[in-house]
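Each chain, written out:
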Amino acid sequence: MKKLLAAAAVLAAASLGLAACSSGDAGTAADGPVQLTFWHGYTEADGDVLQSIIDDFNASQDEVEVSTEVKTWAVIDDTLLTALSADQGPDVVAMPAERLPVYAAKGAFADLTDFYASADSNTAELNPQAVEMETVDGTAYGVPTGFVPLAVYYNKALFDAAGITAFPTTWDEWVDTAKKLTVDENGDGTPEQYGMVLPDHATVANGVWPSLFYGNGGDIVEDGTTAVLDSPENAETLKYWADAVANDKISPTGVDGVGADGLFSSGKVAMTIGGPWMSSIATENSIDYGIAAIPAGPVDQAASAIGVSMGITAQADDAKVAAAEKFFSYFFSEDVATEWSLGSGWPPLRTDIPASAVESNPTVAALTEISGTSRALLPGVVNSSDVLTEMDVVTQKALAGGDIPSLLSDGQKAIQATLDDQ
Amino acid sequence: MTTHTTRPARRYRPPGQLGGRGPLGGQAKRRLTIVGFLLPALAILVLFVFWPMISALRLSFTDASGFGREKYIGFDNYVQVFTDPDILRAMGNTVLYTVMFTPAAVILALLLAMALNSPKLPLRGVFRTWLFLPFIVSLAVAAFAWQYLLDPQVGLLNYWLSTFGIRIGNVLQDPVLAMPTVVLVAVWKNFAFYMIVFLAGLQEIPGSLYEAAKMDGAGPWSRFRNITLPLLNNTTGFVLIIATIAALQAFDQIYVLTGGGPYRSTQTVVMQIYQSGFKDLDLGFASALSYVLLVATLILSLVQFFITGRREKDTV
Numbered sequence: 001m002k003k004l005l006a007a008a009a010v011l012a013a014a015s016l017g018l019a020a021c022s023s024g025d026a027g028t029a030a031d032g033p034v035q036l037t038f039w040h041g042y043t044e045a046d047g048d049v050l051q052s053i054i055d056d057f058n059a060s061q062d063e064v065e066v067s068t069e070v071k072t073w074a075v076i077d078d079t080l081l082t083a084l085s086a087d088q089g090p091d092v093v094a095m096p097a098e099r100l101p102v103y104a105a106k107g108a109f110a111d112l113t114d115f116y117a118s119a120d121s122n123t124a125e126l127n128p129q130a131v132e133m134e135t136v137d138g139t140a141y142g143v144p145t146g147f148v149p150l151a152v153y154y155n156k157a158l159f160d161a162a163g164i165t166a167f168p169t170t171w172d173e174w175v176d177t178a179k180k181l182t183v184d185e186n187g188d189g190t191p192e193q194y195g196m197v198l199p200d201h202a203t204v205a206n207g208v209w210p211s212l213f214y215g216n217g218g219d220i221v222e223d224g225t226t227a228v229l230d231s232p233e234n235a236e237t238l239k240y241w242a243d244a245v246a247n248d249k250i251s252p253t254g255v256d257g258v259g260a261d262g263l264f265s266s267g268k269v270a271m272t273i274g275g276p277w278m279s280s281i282a283t284e285n286s287i288d289y290g291i292a293a294i295p296a297g298p299v300d301q302a303a304s305a306i307g308v309s310m311g312i313t314a315q316a317d318d319a320k321v322a323a324a325e326k327f328f329s330y331f332f333s334e335d336v337a338t339e340w341s342l343g344s345g346w347p348p349l350r351t352d353i354p355a356s357a358v359e360s361n362p363t364v365a366a367l368t369e370i371s372g373t374s375r376a377l378l379p380g381v382v383n384s385s386d387v388l389t390e391m392d393v394v395t396q397k398a399l400a401g402g403d404i405p406s407l408l409s410d411g412q413k414a415i416q417a418t419l420d421d422q
Numbered sequence: 001m002t003t004h005t006t007r008p009a010r011r012y013r014p015p016g017q018l019g020g021r022g023p024l025g026g027q028a029k030r031r032l033t034i035v036g037f038l039l040p041a042l043a044i045l046v047l048f049v050f051w052p053m054i055s056a057l058r059l060s061f062t063d064a065s066g067f068g069r070e071k072y073i074g075f076d077n078y079v080q081v082f083t084d085p086d087i088l089r090a091m092g093n094t095v096l097y098t099v100m101f102t103p104a105a106v107i108l109a110l111l112l113a114m115a116l117n118s119p120k121l122p123l124r125g126v127f128r129t130w131l132f133l134p135f136i137v138s139l140a141v142a143a144f145a146w147q148y149l150l151d152p153q154v155g156l157l158n159y160w161l162s163t164f165g166i167r168i169g170n171v172l173q174d175p176v177l178a179m180p181t182v183v184l185v186a187v188w189k190n191f192a193f194y195m196i197v198f199l200a201g202l203q204e205i206p207g208s209l210y211e212a213a214k215m216d217g218a219g220p221w222s223r224f225r226n227i228t229l230p231l232l233n234n235t236t237g238f239v240l241i242i243a244t245i246a247a248l249q250a251f252d253q254i255y256v257l258t259g260g261g262p263y264r265s266t267q268t269v270v271m272q273i274y275q276s277g278f279k280d281l282d283l284g285f286a287s288a289l290s291y292v293l294l295v296a297t298l299i300l301s302l303v304q305f306f307i308t309g310r311r312e313k314d315t316v
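From first to last, the protein sequence lines are chains A and B. Residue numbers for the first sequence follow full-length UniProt numbering, beginning at 1 and rising by one. Residue numbers for the second sequence follow full-length UniProt numbering, beginning at 1 and rising by one.
Next comes chain A alone, as it looks inside the complex (with noise of 0.2 Å):
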């Protein structure tokens, strides 16, 4: 009863408190720290050094106390909307870089155009590229928590049974490799071990034939505004590809992103592209793996990259803002980006990190070494989901054997209607 009693006095102090908040001066420090919500979605060892991190930057000052409350990925996404139209949303939240500019366009989050302004928010050093899949019509409207080229994944065990030793550095190379790799035993004309998997929609991350157009020279939206799929190199990658894939076999067709990474893990292919979660699943299915980038095209060496943002959600007030604001300088700092890194397993976000500074995780240490080549994928495009399902019907159909130039030419259509859309 005594504490049933104390917690009501608290309460009953604290709503005095928001009451002389509301009534003039805006929130000084006597009223306590500013208390932010934040949801995310790090359900594995990465939300437990999130954790620390925060454990950490709360007893580091008295002004912000943070308090997380985790959901999956797929909850925060599917809770959001209506958790902000009740008034009862976090403050600060993290979500799928992809899914930021369909809320940012929306007003659902905060503009941070003078945070990554000032200079000791920390953001100067920021991968250039991660922060630009958090810029819709110019305008920054969240952070980067994570930012990750996708690589290829290859099993040493298959390497060594075809006496590769070297990991192929362009796509010719790539593609005799993958030939090598894949074996038909019993000769009826569908290999039973295949050197690569290359699906043909609903990618990792959808990010496969964004990497290979790059390689050549091609993209598919630029300045979030103008299709740019419909063009000479794109359609270049798309035959090189198609062929490789019907003439030499070196991949199953008909794959989407799951069933690669299923493919990978029973061991029936022998490379993969794909995210550093396919580090646990090759060990879950004790896969001897390596890590290299996507070899480079005859233009360029990119990937693209997968990310998670944080924002600001639109209900936090003044003083919430400048409290999660400040979490976020504390966030990117030199040795807290470090610790996230090797916790998280992702490169470090600040590009004056090193390899050397995380090698005592050699997953981040490759990735860290290939980040570099990372693009951030179709930046600004709030209905990134649309433009990627219609880029999914050129690329499956083309590889079904389709006429690339009409493939392209309706792509590129139905692309900039959906752009025009938004």
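Read the hints as simulated data drawn from the structure, not as lab findings. Given the structure is predicted, the values throughout are model-derived calculations rather than measurements. Keep in mind that the hints are not guaranteed to be accurate.
[Said to hold, decoys possible] Short derived list, chain B residues pointing at chain A, Cβ under 10 Å:
{"#": "1", "residue": "65"}
{"#": "2", "residue": "119"}
{"#": "3", "residue": "122"}
{"#": "4", "residue": "154"}
{"#": "5", "residue": "170"}
{"#": "6", "residue": "263"}
{"#": "7", "residue": "275"}
{"#": "8", "residue": "306"}
For each residue, glycine too, the CB sits at the ideal point set by N, CA and C.
We have chain A already, so just place chain B on it with the hints.
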């Protein structure tokens, strides 16, 4: 024997009439009692059905996203429903789904109900249970199970078929086969409910009719056509209407099995409502699309209702 205490049998007292005992008596009090009992259910209906429906109607004329300011935009959302090629495609897919699902589910249910109703069938109870099982399983779970069965690389179905030299490939990602596959799973999942309704209808038909027909020399087909079918008319009408409504609202198995893909070939109207409302955060448009679906369902149900009603009159 000694441990038993004997109690005199309670005398049966007929229950009093509802509200009929008080001095006020009369219709008013009786009505009040009825309303009192209905109130909890009504409150839930109003709060969770009627109020959201009215809100959605209002939202359908705005560009609401769920937060921030919303702007009244007149009939823009409705115009988009009937002009956007993706939405028209989703409507086409829904019609296709309904045209495939409804007859398949209803005919299968009727045939199996007649088989189960036949006294010649041994182990009738066992079959009834088995056939009813898919309906009890949660749809999402069933869809996941089918997804594993149909998986082109590790799926059992492909493995079994491949021993006969048949390769069906990745049916869920085949733009032509994905829709029939989704329908197949839905039929498998839902026919049992319609079957039970048919079974109830069949058991209402007096056996003497069949005996009389037999004596008159009517064969099985003739008995089916002239006795079973006409006397099941009400049941068939009911099953057709609920099957059609279920088909028009197809969502969960598609969501799990194909997510609307490959490239929108299984994107139905309800999938589109979910996509527009909860993924694109365009609640206004999603509400408008919901209302179009509601009106279409209502019209279709009424048409079916009158057609089966008319036939009923003809046969009597």
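Now the hints, each set against the structure:
no., hint, in the structure
1, 65, "holds (4 Å)"
2, 119, "violated (49 Å)"
3, 122, "violated (43 Å)"
4, 154, "holds (7 Å)"
5, 170, "holds (4 Å)"
6, 263, "holds (4 Å)"
7, 275, "holds (8 Å)"
8, 306, "violated (40 Å)"
Hint compliance for this structure: hints 2, 3 and 8 are broken, all remaining hints hold.
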